[in-house]
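Using the hints, position chain B against chain A.
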Amino acid sequence: MSFDIFICGVGGQGLVLLTNALGRACLKSGLKAVTGEMYGLSQRSGTVSVHMRIGEDAHSPLIPIGGADALVALEAIEALRYIEYLKKGGLALINSRIMHPPVETAGLVKDRTKKYFTLEEAVSRVKRWTSRVAVINALATAKESGNPNAENTVFLGCLSALRELPLDPEKVKEAIAEVVPRGTVDQNLKAFEIGMRMASEALCGFGVCRNLR
Amino acid sequence: MVLSDVVSPNKGKAFMLCNEAIARGAIEADVKVVAFYPGAPTSEILDTFSEALGSFDYQMQIATNEKVALEICAGASFAGFRSLTAMKSVGMNVASDTLFVLGYTGVRGGMVIVMADDPHAHSSQSEQDGRFFAPNSYIPMLEPATAQEAKDMVKEAFSISERHRVPVIVRTVTRVNHQSGVVELEEIRRSGFSRARWRDLKEEYLTLGEVARRKKLRMLERRASLEGEFEKSAFNHVLGGDAGAGTGIVTSSVAYLHVLEALKNLGISGKVPVLKLGTTYPVPRRLVAGFLKGLGGAVVVEELSPYLENEVAIIAKDENPGLRIFGKRSGHFSEAWELNPDLVAKGLASALGVPYEDKSGIVEEARALKEGMPERYPTFCPGCPHRGTFAALSQALRALSASGKGYYFANDIGCYSMWVFPPISNADSSLCMGASVGIANGLSNVVEERVVAVVGDSTFYHAALPAILNAIHNRNRFTLLVLDNSVTAMTGQQPNLSTEFTAGWREGKRVPIEDICRAAGAEFVEVIDAYQVKENVPVIRRALEHDGLAIVVSRRECALYGDRRKRRRGEKITPFYVDKSACRRPYACIRDVYCPAHEIDGDGQPRISPELCDGCSVCSRVCAFGSIRRAETEGERR
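Residue numbers (this note's numbering), protein chains in the order written: chain A, 1 to 213; chain B, 1001 to 1638.
Bound conformation, chain A alone (with noise of 0.2 angstroms):
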C-alpha cells in the first residue's frame, strides 16, 4: 500500500519546500518516499504539480490516474487541472486563493461580458468528484501566522490532520524547522497548528482526522 497526494499550485507558492518537509518527514519516520515533480517552464506563475508518494509499494514517481488518495490544492483552479488524479471520493484540501492568469483577464478586457472563474464554481465542481473537502483560506492563515509566504506550511498542517497520513505530525514539524528560511521556524510553525486545526473542523463529519488534544 502507498498513501499518495497529488500537490499542486502556483509557481512561487513553495511546493518544492512543501515537498520537501513531507519527504524528509518520512525519512524520519522510516518510510520509502518517492516523488515527481513538475515544475513548468516559467518561474513563477505557471502551474506545478508534484505526485508525492509514500509507502513501500510505490514504486512510479507518478500517481497513477484516480490513484491519489489526497489532493492539495494552494490555488483552487489548480485543484480541478488535476482532478483526474484524484481517487473517487478522495480527500481534497484546496486553498480558497484564486489567482487568475493573465489569459484570463485579458479575455476579459476583451470581451467585458465575460466573468473570471470563481472559487465557488471550482469548489462545486470538485464536490461533483468527492464530497470530502475542506476549503481552507491558506492565505489570510499565513498572515495571521506572520508570514504571508506560509501558505504551504498550512496546508502541512492540514495534511497532518488527516489519520491516514502515515506520518506523526511533531515529525512534520521537526521537518519543517529543518527546511524553512532561518528566522521563519516560529511563523511557519503557528500556520501549521492552524491549519492542522482548520483541516480537522472542515473535515470533522467525514470522521477521516486525528484527534487533537
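Careful: at least some of the hints might be erroneous.
[Claimed, not checked] Restricting the straight-line Cα-Cα distance to at most 27 angstroms, the calculated cross-link-like pairs of lysine-lysine (DSSO-like) are:
1. B:K1271 / B:K1293
2. A:K87 / B:K1346
3. A:K143 / B:K1566
4. A:K115 / B:K1370
5. B:K1264 / A:K87
6. A:K127 / B:K1370
7. A:K114 / A:K127
8. B:K1359 / A:K127
9. A:K88 / B:K1346
10. A:K28 / B:K1011
11. A:K32 / B:K1370
12. A:K114 / B:K1346
13. B:K1271 / A:K32
14. A:K28 / B:K1013
15. A:K127 / A:K115
16. A:K114 / B:K1580
17. A:K110 / B:K1370
18. B:K1359 / A:K171
19. A:K110 / B:K1534
20. B:K1359 / A:K88
21. B:K1359 / B:K1370
22. B:K1370 / A:K88
23. B:K1011 / A:K32
24. B:K1359 / A:K87
25. B:K1580 / A:K143
26. B:K1264 / B:K1359
27. A:K143 / B:K1572
28. A:K190 / B:K1370
[To be verified] Not the full set, but computed from the structure, chain A residues with beta-carbon under 7 angstroms of chain B:
29. V34
30. G36
31. P101
32. T184
These are computed hints drawn from the structure, not numbers from a lab. Beta carbons: idealized from backbone N, C-alpha and C, even for Gly.
Chain B in isolation, oriented as in the chain A frame:
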C-alpha cells in the same frame, strides 16, 4: 535544497532530489573539476555544486556553453583529474563536436557526463532521444531509474571511465532528474588538490587521418571489452517470473518504475520476468540473449525512440527468431510524449493478454468538469524586465505594421520564449539557442519585411555571437534585441558572463554585451533600461528603421535575482496600487503588460494584488492617467 545533506561528511540517509544525489555522488567520488551550462532538467546539479563549493576544494566553472563545459572537463581529465559535467541532451548537440573526438582520444581521470532527455518536451524545444549519442560516439552509457541509482551510477561511472580510459554518459530523463527519494549517503573522504605535472602524464590526445584510423580500431576493441564488463554489471538484473515463461519485459530508466507500478496494478507483480537494463551502451548482448531464450514474446518499455527495442530485435534475430516483440513499433506504446503508469499498464495488459480497467471514462469525466476553466500558460514573473521590453517593442512593431512595412519576429530560447504563449502569442520562429540571429542573417536578405531577432544575455554568449559577427561582416540588415537580465533566468538565475559573479557566487569578470558588439564593428548599438517603456519606444523604432544591423541591449536584472539581492540588502518590495478615482479604465495596464499581479475587480476596475506585485513600475508607466501609484504607507508594503 538542504545544503547540510549534500555536504555532510558522514554516512546516513537523506531525502533528496535526484540532481542533488548526483552531485553528492560525485563529491563522494572525489570529483575535482566540474563545469556546466545550465539546462532543465539538469540545472539543480549545477546549483548544488555551486552551493556546496564553499565546503570542498573542487574547481567549478559555469561555462559559456555546453561545449566549453565539456572541454573544461576533458582538459582536467587529460591531466588525470576526475571531472563531471551535466547538460540537457539538446545541450549535447552543441557539445557533441567534442564528444565524438573524445571517443577517439579517450581520457585519463574519470570523466562523467550527465545527459538528460526531456520526454514530453516539458521544458525543451524537442523530445530528442540523446541515447543515440552513445553508439554514435562509442562512449559507454548508464541509465538510472531512481535518485539512489543515479548516485550509485555516477560513482561507478568514474571507475568505468578510468578502467577504460573513456568518458561515461549517465543518461537521465526529466522524471528521473526531478524525482526525489530517500538516498543512502556514504562517507565523504576527499583527497587534497594539487596541480599535476603534464610532463609526467604526457600522452597524445589528438586524432586526424592516419591517427584517427588507428584509434578507430582501438575504439572497437574498447567497445567489446566494455560489453564484456557490462554482461556482469550489477546495474542489470532480472526480476521475478518463471524462466522460460511466455512473455518477458525488457526495460530501463524511469520506464522500469512504471513497469513495476503497472504490474502491481494489474495484479501480476512477480509473475512476469523483467530484465532491467542499467548499462544501455554497449548493450550486454549475451545477457539479453539469455533472457530472451525460450520466451514467446518480449515487451520492450522505454521512453522516446525504440532504442532498446531495436537492440532486442537484432539479438532475437539470431537467438530466438520466433520471438514476438511488443513495443513502439507494434503500437503498444507511443513514440510520442512521455510514459506514465497508466500508459504502461495499458500496453502491458494488451501484450500479456490480461484484463485492464480502462481509465478513459475517468479522464473524460474530469475533462467535462474542466469545461471553461482558464488555462495557465507559462508567463513572465511579476517584475520581469521582459514585460517592459516587450511593451515597448509591441508599440514600435505596431507602428511599423501601421506604416505598411510589416516584420518577421525571430524568438529564441530563454524566458522571453514565453512570448509565444497566449495572450501575446507573437513569434514567427523559435528554434534553439542563438538560432534567431542565424535565421535573421538568412531571412533579412530574402524577405521584404524588417526582420527582428531577440536573444537573452546567456544566449548571446552561448551561441548567438558567431551569427552576430556574421551579420556585421556581411553587412546584413536586421534588428537585434538583446534582453540582458544579468543571469540565466529560466533555469534558476545562475550567474553567466553578464553577471559580476560566477560559480559559488564568487567574483567574476563581467563581459559587457555592448562592448563586444561595438568592438566587433556594429554601428548601431543602444543600451536601454527595460522598465522605461515610453523612452524605449523611439529607440526601438529607430532600430527598426536603421539601414543596417541595429542592436538594442535592454538591460534590467531578472526580478527574482533582483528580489533576492534586495532581501539581502534588507530592502523591502513596495507594491503598486490602482487609484480608482483616477482610473478611466483604458486597461492599458492589462493589455500592454499582462502581469499576473493584475486582476479586474468586481467594479470593473483593475486591481493589483499586493502579494504578487513586485513593484517594478512598468504598469504605471503605460497608464496614461497616472492612476497606478506606489504604495506609500508602511502597511501597504511587504
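We went through each hint and held it up to the structure:
Simply put, B:K1271 and B:K1293 have alpha-carbon atoms about 17 angstroms apart, close enough for the 27 angstroms limit, and the pair holds. About 19 angstroms separates the Cα atoms of A:K87 and B:K1346, which keeps this hinted pair within 27 angstroms; it holds. At most 27 angstroms may separate the alpha-carbon atoms for a hinted pair to count; A:K143 and B:K1566 meet this at roughly 21 angstroms. Our distance criterion of 27 angstroms between C-alpha atoms is met by A:K115 and B:K1370, whose separation comes to about 16 angstroms.
Using a Cα cut-off of 27 angstroms, the hinted pair B:K1264 and A:K87 holds, with the two alpha carbons roughly 17 angstroms apart. At roughly 13 angstroms between alpha-carbon atoms, A:K127 and B:K1370 fall within 27 angstroms of each other, so this suggested pair holds. Distance hint between A:K114 and A:K127 is fulfilled; the C-alpha atoms sit about 24 angstroms from each other, no more than 27 angstroms. A C-alpha spacing of about 20 angstroms is found between B:K1359 and A:K127, which places the hinted pair at or below 27 angstroms, so the restraint holds.
For a cut-off of 27 angstroms, the pair hint linking A:K88 to B:K1346 stands: about 20 angstroms separates their Cα positions. A threshold of 27 angstroms between alpha carbons decides the hint, and for A:K28 with B:K1011 the separation of about 15 angstroms falls inside it, so the pair holds. With a CA separation close to 33 angstroms, the supplied pair A:K32 and B:K1370 exceeds the 27 angstroms bound. Using a Cα cut-off of 27 angstroms, the hinted pair A:K114 and B:K1346 is violated, with the two alpha carbons roughly 41 angstroms apart.
For the proposed pair B:K1271 and A:K32, the alpha carbon gap of about 24 angstroms is at most 27 angstroms, so the pair holds. Restraint check for A:K28 and B:K1013: the C-alpha separation of about 10 angstroms stays at or below 27 angstroms, so the hint holds. Between A:K127 and A:K115 the alpha-carbon distance is near 21 angstroms, which keeps this suggested pair within the 27 angstroms criterion. For the hint pairing A:K114 with B:K1580, the CA-to-CA distance comes to about 21 angstroms; that is within 27 angstroms, so the pair holds.
Distance hint between A:K110 and B:K1370 is fulfilled; the C-alpha atoms sit about 22 angstroms from each other, no more than 27 angstroms. With a C-alpha separation of about 36 angstroms, the suggested pair B:K1359 and A:K171 falls outside the 27 angstroms cut-off, and the hint is violated. For the suggested pair A:K110 and B:K1534, the alpha carbons sit about 23 angstroms apart, so the restraint of at most 27 angstroms is met. This hinted pair checks out: B:K1359 and A:K88 have alpha carbons roughly 12 angstroms apart, not beyond 27 angstroms.
Under the criterion of a C-alpha separation no larger than 27 angstroms, the hint pairing B:K1359 with B:K1370 is consistent with the structure, at around 17 angstroms. This hinted pair checks out: B:K1370 and A:K88 have alpha carbons roughly 16 angstroms apart, not beyond 27 angstroms. Only pairs whose Cα atoms come within 27 angstroms are accepted, and B:K1011 paired with A:K32 is accepted, the gap being roughly 18 angstroms. The straight-line distance between the Cα atoms of B:K1359 and A:K87 is roughly 12 angstroms, inside the 27 angstroms bound, and the hint therefore holds.
Among the hinted pairs, B:K1580 with A:K143 is consistent with the structure: their alpha-carbon atoms are about 25 angstroms apart, no more than 27 angstroms. As the CA atoms of B:K1264 and B:K1359 are separated by approximately 16 angstroms, the hinted pair is consistent with the 27 angstroms bound. With a C-alpha separation of about 17 angstroms, the suggested pairing of A:K143 with B:K1572 holds against the 27 angstroms cut-off. Between A:K190 and B:K1370 the CA atoms are separated by roughly 35 angstroms; this puts the pair beyond 27 angstroms, and the hint is violated.
With its C-beta approaching chain B no nearer than about 5 angstroms, A:V34 sits inside the 7 angstroms limit, and its interface hint holds. For A:G36, the shortest C-beta to C-beta distance to chain B is roughly 6 angstroms, which falls under 7 angstroms, so the interface hint holds. Contact between A:P101 and chain B, as hinted, is supported at the beta carbon level, the nearest pair being about 4 angstroms apart and thus within 7 angstroms. The closest approach between the C-beta of A:T184 and any C-beta of chain B is roughly 12 angstroms, which is over the 7 angstroms cut-off, so the hint fails.
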